[in-house]
Amino acid sequence: MGGWIAEAFAPLCDEVQRGKLGDVIGIRRGALPAARRPRILLAAHMDEIGLMVTRVDEGGFLRVTRVGGVDPRTILAQEVLVHGRTMLPGIVGAKPPHLTPPEEAKNAPQLKDLYIDLALPEDEVRRLVQVGDLVTVRREPVDLLEGHLAGKAMDNRACVALLYECLQELERAQFQAEVLAVATTAEEITSAGAETVTYQLAPDVAIAVDVTFAQQPGTEEDETWDPARGPVLTMGPNISPRVFEALREAARELDMNVQIEAAPGHTGTDAWSMQVVAAGVPTAVLSVPIKYMHTSVETLSLENVSRAGRLLARFVSRVDEEFVKGLVWA
Amino acid sequence: MGVTQPAEPRPAVTRPVLQKFTEAAGVSGDEVEIRRVVRETIEGLADEIRSDTIGNLFATQQAPRRGKVRTVKGPEGERPLRVMLAAHMDECGLMVQRIGKDGLLRFGKVGGIDDRVLVSKAVFVGDRRLPGVIGAKPIHLQERGDWEKPIPYDEMYIDIGATSRDEAERHVKVGDRAIFATRYEEIGRNAAKAKSFDDRAGCAILAESLVGRYGLEVVGAFTVQEEVGLRGARVAAHAVDPDLTIVLEGTSCNDMPFNPLHGQSTWFGRGPALTLVDSFTIAPIRLVRQVADLAEKHKIPFQFKRVTLGGNDAGSIHKSRAGIPTLAISLPTRYIHAPAQLISLDDYANAQALLSLILDHLAKGDLTL
Amino acid sequence: MKDMLLKLAEATGPSGSEDAVRELVKKELAGLAEDVRVDAMGNLLARTGPRGRASKGGHKVLLMAHLDEVGLVVTNVEKNGFLRFSPMGRLDPHVCLGQRIRFTGGALGVIDAEPVEKPGDLKIDKLFIDIGAASEEEARKTVRPGDMAAFDRAPAVLGHRVTGRAVGSRGAAAVLLQTLRGLRATPHEVLVAFTVQKEVGSRGARPAAFGVDPDLALVLDATATGDTPEARRMEVSLGKGPAIKVQDQSGMAYPALRRALAAAAAKAGKSVQYEVLETAGSELGVVQLSHGGIPASGLSIPTRYRFGPTEVVDVEDLEGAVAVLTQFLKDPVDLSF
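Keeping their order, the protein sequence lines are chains A, B and C. Take the first sequence: its letter number 24 is residue 24 in this note's numbering, and every next letter is one higher. Heads up: take any position in the second sequence, counting from 1, add 1000, and you land on this note's numbering. Heads up: take any position in the third sequence, counting from 1, add 2000, and you land on this note's numbering.
In isolation and in its complexed conformation, chain A is listed as follows:
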């Protein structure tokens, strides 16, 4: 994935680097000389939730554990790819309905009861797969009506795509700052990628681009967002009020509607780790609402992805030395 993203970013960047833990860093330099250029880190995580093989069981069936916040109920009957010596397609199996006693069917499947069927004999499986191999969901993106797209890993590949949109917009913009567009690793587990890359790059501002919950049946109105009303800007202790204001101003300039989320604590994004790296980094969060998060059919509106990309580009073009000075509190 990292390699693929690096290739995609390359034509839009002055340079592409890799962080120590695998993050992809696309660098696009603005007009000011290096010593005075404000550095803006835009972070979108490229890792997805998935599974890891814990045992090759009798009959060649694989037992698994989770990597990130996987809901076992959404994995049952899913097609997957096991990253063994080669990529092996499989199905997450469970007892067929006819053989499931009614009491059992009432209970949600637990991860420990699930297994992956590769349709291969045990000795062949043992040759190709070992404990620790990763498993990802197999899902082609699905084009839905009204410009909607569904697929696995919209959280957070959509936001990597959003960075790409931003870099494209910057091709036609004037700006002074240095943009570090980073596809980070390990957000779903520990934000290790974002935290370490932030330490290495020492930016003046860091913005985490992520997904948030769109309205869907069964959710409370105050827990979710209307995808039609634009990207979501967060405010709260994890967010620098100055960066938040600047993003909101940028949206006004573009005549773009944004929604405001008040987060009293942890924002659940890379911003939480980035904010307290070294001597501190002013952070912000920009989110795209998606439905059915952490399932293989995460659904979003493509228009929101490009809106958010344009918003970021406009923000970048407003950042100058004065802005950076103003980030230090009185």
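Warning: the hint list may mix true and false statements.
Listed next, with one range per pair, are the computed distances between beta-carbon atoms [said to hold, decoys possible]:
#1 C:2334 with B:1368: 40 to 50 Å
#2 B:1065 with C:2019: 36 to 46 Å
#3 B:1150 with C:2106: 21 to 31 Å
#4 A:245 with C:2185: 29 to 39 Å
#5 A:252 with C:2232: 47 to 57 Å
#6 B:1213 with C:2098: 50 to 60 Å
#7 B:1120 with C:2037: 51 to 61 Å
#8 B:1259 with C:2105: 41 to 51 Å
#9 C:2019 with B:1298: 27 to 37 Å
#10 A:76 with B:1036: 51 to 61 Å
#11 C:2037 with B:1293: 49 to 59 Å
Listed below are several chain B residues computed to face chain C (Cβ distance under 7 Å; list not exhaustive) [as the list claims (entries may be wrong)]:
#12 1257
#13 1261
#14 1300
#15 1304
#16 1319
#17 1322
For the record, the hints were derived by calculation from the structure and aren't laboratory data. Since the model is a prediction, treat every value here as computed from it, not as a measurement. Glycine is no exception: its CB is placed at the ideal position from the N, C-alpha and C atoms.
Add chains B and C to chain A, keeping to what the hints say.
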């Protein structure tokens, strides 16, 4: 035939700093007002006063050029021992998350507030301190079974008197913080009541300690965002890189006789508490014992915190960089994280005295790290 | 190896009071490494190998093993001379019941509990320690709040296995020492850190990694097994070799390092297992987050009955770990993705 009003109680010894500090607003992430109040108070007491991007306020006293100064060996030769004194400016509070069609404000909690202390309290909302009250269903209209269960915070709301969303939006906005509307008041015997003694009392002790000068480099760090994860302190420790840190905090105090002894944590009025072990830190025991011996020798009352739950800025400071020896001195605070907290003014005075003593002896070289 | 393990497992060192274990390891380190020092947290640090990265493919390598074990801290001394305590690390109240404990100052005590209706009601705050004192005054002559203790159980030999408190983590420390002992040529600058306070949240590891700032790190520690009756599923067993760390609850290991360890095992002709630990974390997580990121993995010692007084390890797994680690250090390491 009128009713005779009781005369207004005369205020006891006034403590302007404690009052100013506790009444100021500064919910985690929005410490603008308290930072200004602290800054105005310590103006002239330090050689350099600056802030960083997360909102910490640093006041640096360089070591004096004359007289005895304690030094350590650095990469460029001997340099003055650098002590960081840390107290957090932020307080627990609420944050407006949604303005209902009915003009009522739905909120989230910033910091660890027990839902049970919220209902029926008064708050001030936003920069303009709009008065509001926290409401919920009256007891008469609840099912008998409901009386047993605490009301969860997301079934409460702040009522500012508006009856429509439009009206409410003319006065408040999503993201506004709300603080408890508690006034500072000295009550009982040598005690004071206010919101947020945790940790405005620590800030007051820190501010007042800057009146003195010691044979050390002293950095006063008024940190932010402790209540949401010891976050300002983490950044402060990295930036300051001290040789030693002393954290000044408020800590739990449940010393009612009907509470089991091992759940009481600290005694009210028996002196500042030294932490040995809490949820995030194991104190450097040899240093703590030296401080205890020093306090005993100089007859300053002190105690040890007797539960291991709870944490403070020491949790993130001591693991910073290549490790920083960190001591915590805490003020026993009854009803911590609730709207009306209580401290003993004797404990406050003894904490100040203990801190002075430590800094003096540290400068003299009596305390080994 | 067995003797080294037995020696290390004799010393008592609950998180926060590791002095005795640290002194023991320090003595063993003499002659095996240079620049032996103790940092502000209490971590024991040393180095060996060429200074700077002498040869191509040589790196600054950090090897880490922790000194501490789970234990308890006294919080209250009651009027009748009984003590109340809080856990330091993962302490199961049922495992504590009826155990003898030893304070780092040398005193002994036993643990029992207030009566409970059901076994599930037994929590730490129902337990107390009896040190044989008849009153608070008498108790305070020996023990004070803040004093720490660990299980009192000397290690013992079970065939070619060893049992006792902390033999898993002491086994890892022994592996590190024996590897240093047998290390001849290496292209790497090898830094070792015997850390403190791992059992209370890897607190020593974070400053240690920050101070050393290596190019890569290997964490040596115990891991669980899945080979006891009705055990929770885990593909690690006693006696089948050391386990290369793939993932635990603190993070995922760096793939290139896993591969390098596997290659080293193959070259040394030793069988290895793969560790995917679902029930605990390790120092891996905090080490990876240091500076601009430190690629890390680990070599783990399969250990039964972790965190109690009767851990069991297999000496052959320890010897296998030494062989794999030694081979790993002999060769350059390729860190590319």
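Here is what the structure says about each hint:
{"no.": "1", "hint": "C:2334 with B:1368: 40 to 50 Å", "result": "46 Å, holds"}
{"no.": "2", "hint": "B:1065 with C:2019: 36 to 46 Å", "result": "40 Å, holds"}
{"no.": "3", "hint": "B:1150 with C:2106: 21 to 31 Å", "result": "47 Å, violated"}
{"no.": "4", "hint": "A:245 with C:2185: 29 to 39 Å", "result": "60 Å, violated"}
{"no.": "5", "hint": "A:252 with C:2232: 47 to 57 Å", "result": "55 Å, holds"}
{"no.": "6", "hint": "B:1213 with C:2098: 50 to 60 Å", "result": "57 Å, holds"}
{"no.": "7", "hint": "B:1120 with C:2037: 51 to 61 Å", "result": "58 Å, holds"}
{"no.": "8", "hint": "B:1259 with C:2105: 41 to 51 Å", "result": "30 Å, violated"}
{"no.": "9", "hint": "C:2019 with B:1298: 27 to 37 Å", "result": "29 Å, holds"}
{"no.": "10", "hint": "A:76 with B:1036: 51 to 61 Å", "result": "56 Å, holds"}
{"no.": "11", "hint": "C:2037 with B:1293: 49 to 59 Å", "result": "27 Å, violated"}
{"no.": "12", "hint": "1257", "result": "13 Å, violated"}
{"no.": "13", "hint": "1261", "result": "6 Å, holds"}
{"no.": "14", "hint": "1300", "result": "19 Å, violated"}
{"no.": "15", "hint": "1304", "result": "5 Å, holds"}
{"no.": "16", "hint": "1319", "result": "5 Å, holds"}
{"no.": "17", "hint": "1322", "result": "4 Å, holds"}
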